[in-house]
Amino acid sequence: MRRWWWGGVCLLWTSLLAAHEVPVGDRGFILEHPGALLGPFVYLGAKHMVTGADHLLYLLGVIFWLYRARDVALYVTLFAVGHSLTLLAGTHAGLAIEAHLVDAVIGASVAYKAAENLGWLERWWSHPPNPRLMTLGFGLIHGLGLATRLADFSLEPASRLPNPIAFNAGVEVGQLLGLGVMLLVMTSWRRAPAFARHARGANLVLPLAGLLLAAGQLSDSLRVELT
Amino acid sequence: MSQRRQVFMATLLAAALLVTCVLPAERGVDPTGVGRLLGLTAMGEFKRVIAEEQADARRAAAEADSLAGLTVPR
Chain Z
1 MRRWWWGGVC LLWTSLLAAH EVPVGDRGFI LEHPGALLGP FVYLGAKHMV
51 TGADHLLYLL GVIFWLYRAR DVALYVTLFA VGHSLTLLAG THAGLAIEAH
101 LVDAVIGASV AYKAAENLGW LERWWSHPPN PRLMTLGFGL IHGLGLATRL
151 ADFSLEPASR LPNPIAFNAG VEVGQLLGLG VMLLVMTSWR RAPAFARHAR
201 GANLVLPLAG LLLAAGQLSD SLRVELT
Chain X
1001 MSQRRQVFMA TLLAAALLVT CVLPAERGVD PTGVGRLLGL TAMGEFKRVI
1051 AEEQADARRA AAEADSLAGL TVPR
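So the protein lines, in turn, are chains Z and X. For the first sequence, this note's numbering begins at 1 and goes up steadily by one. For the second sequence, this note's numbering begins at 1001 and goes up steadily by one.
If you're looking for bench data, these hints aren't it; they were derived computationally from the structure. We put the beta carbon where it would ideally sit given N, CA and C, even for glycine. You may find that some hints are simply not true.
What the hints assert, rightly or not - With the C-beta cut set under 10 Å, the calculated list includes, among others, these residues of chain X facing chain Z: (1) LEU1040; (2) LYS1047; (3) ARG1059.
Unchecked claim - Some chain Z residues judged to face chain X by a derived CB distance under 7 Å, without partners named: (4) GLY25; (5) PHE29; (6) ALA89.
As the list claims (entries may be wrong) - If you want the ones that stay clear, here's a sample from chain X, every Cβ over 10 Å from chain Z, calculated: (7) ALA1010; (8) VAL1019; (9) PRO1031; (10) THR1032; (11) ARG1058; (12) ALA1060; (13) ALA1062; (14) ASP1065; (15) SER1066; (16) LEU1067; (17) GLY1069.
The task is simple: from the sequences and hints, build the whole structure.
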């Protein structure tokens, strides 16, 4: 049972961070200071990335079986291109999507990646989807989630270009910080003799965490519709 | 780079970010001046004002309750 403790920690972290909406102080500051605020938006982008479990869990799933630095760079770039596109395009167009629904799909993306890591997709389908295309596709969806978060700041049309670009830059900074910690932990974990055994457990916990996120968001979405 | 050195560098980076970015932006505490340069200290000061206003409001509400002879557990 001892090797499940970190699984419990992972789930706890997920449930603690699942509801990661924009804090009151951050929102108030932005609302009271219209115009371009590059520094604060870079900070808020990085903060959103680092304090939320969903994007980092997905990223963890993506790099789980990537051993070469070139592959890590390729997949992370695909993910980043995807979410930058929808974040910037979505904010610029003033896109309004039900945030909880997007977050539910983001939770499901974590589960999907874990299923792929476990080799279940080959078992289910004779031709599983291309993992690179899926990373790009899920990047697009994660970007929609980021765009709805940015919409919470109700940006003035005039600041719909510089501020989202700064926020997006911050998201990349936060992503790289998270990635750095993950790679640090992964390299030492991979050296451990029990890694193969742990890996299966980790990829079983990941979809649980992802589904937990998705279910939480779906129930929030229902609650919003009922009230 | 050895594993130990990597962990050391990561901790150093985290501490630097805490002092130059997180403390200014969250608490309005800016010992290095970098936070003000990046425009983060104003956000932290704003949050501190909000927190103080909320504390004042709670205190005033508690005082009003005690004046009315109510003992509402808070």
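The hints, checked one at a time:
no.	hint	result
1	LEU1040	holds (6 Å)
2	LYS1047	holds (4 Å)
3	ARG1059	violated (19 Å)
4	GLY25	holds (4 Å)
5	PHE29	holds (4 Å)
6	ALA89	violated (26 Å)
7	ALA1010	violated (6 Å)
8	VAL1019	holds (14 Å)
9	PRO1031	holds (17 Å)
10	THR1032	holds (14 Å)
11	ARG1058	holds (15 Å)
12	ALA1060	holds (20 Å)
13	ALA1062	holds (21 Å)
14	ASP1065	holds (24 Å)
15	SER1066	holds (28 Å)
16	LEU1067	holds (29 Å)
17	GLY1069	holds (33 Å)
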